[in-house]
Amino acid sequence: MPHLNLMPTGGVSLENMQEWFDAGVIAVGVGGNLLAPAATGDFGKVTEVARQYADKFAEIKGI
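Residue numbering for the sequence shown follows this note's numbering, beginning at 7 and increasing consecutively.
Check each hint, because a few of them may be wrong.
Taking lysine to aspartate or glutamate pairs in the EDC-like style, the calculated list, with each CA pair at most 16 Å apart, reads [unchecked claim]: (1) 62 x 28; (2) 62 x 21; (3) 67 x 28; (4) 67 x 25; (5) 62 x 25.
If you anchor each label on the Cβ, the simulated ranges turn out as follows [claimed, not checked]: (6) 50 x 9: 40 to 46 Å; (7) 24 x 54: 19 to 25 Å; (8) 68 x 45: 33 to 39 Å.
Calculated from the structure, these hints are not laboratory results.
Cβ atoms here follow ideal geometry from the backbone N, Cα and C, with glycine treated the same way.
Model the full assembly from the supplied sequences, consistent with the hints where possible.
Right, here's the structure in full:
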């Protein structure tokens with residue numbers, strides 16, 4: 007359905023992010039993988055993982 011803009015929000019990881027964009031999504035939502043370290047108060051790790059996702063997105067989009 008090329009007329010739909012899709013954004014998956016479940017099961018997205020650094021390892022499969024490229025596959026989602028290859029399939030035609032316009033964005034991805036990240037929850038559990040990003041926020042899991044917050045449960046133990048490791049907010050530095052949350053920041054690190056967020057940077058990894060941002061870097062991966064930039065790589066995929068060529069920006």
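Against the structure, the hints come out as follows:
At most 16 Å may separate the alpha-carbon atoms for a hinted pair to count; residue 62 and residue 28 meet this at roughly 13 Å. The suggested pairing of residue 62 with residue 21 holds, with an alpha-carbon distance near 10 Å, which does not exceed 16 Å. Of the supplied pair hints, the one linking residue 67 and residue 28 holds, its CA atoms being roughly 11 Å apart against a limit of 16 Å. Proximity of residue 67 to residue 25 is assessed by CA-CA distance (about 13 Å); at most 16 Å being required, the pair is judged to hold.
At most 16 Å may separate the alpha-carbon atoms for a hinted pair to count; residue 62 and residue 25 meet this at roughly 12 Å. Checked against the given bound of 40 to 46 Å, the beta carbons of residue 50 and residue 9, roughly 42 Å apart, stay inside it. A hinted range of 19 to 25 Å for the beta carbons of residue 24 and residue 54 is consistent with their spacing of about 20 Å. Separated by about 34 Å at the C-beta atoms, residue 68 and residue 45 satisfy the suggested range of 33 to 39 Å.
In this structure, none of the earlier numbered hints is contradicted; all agree with it.
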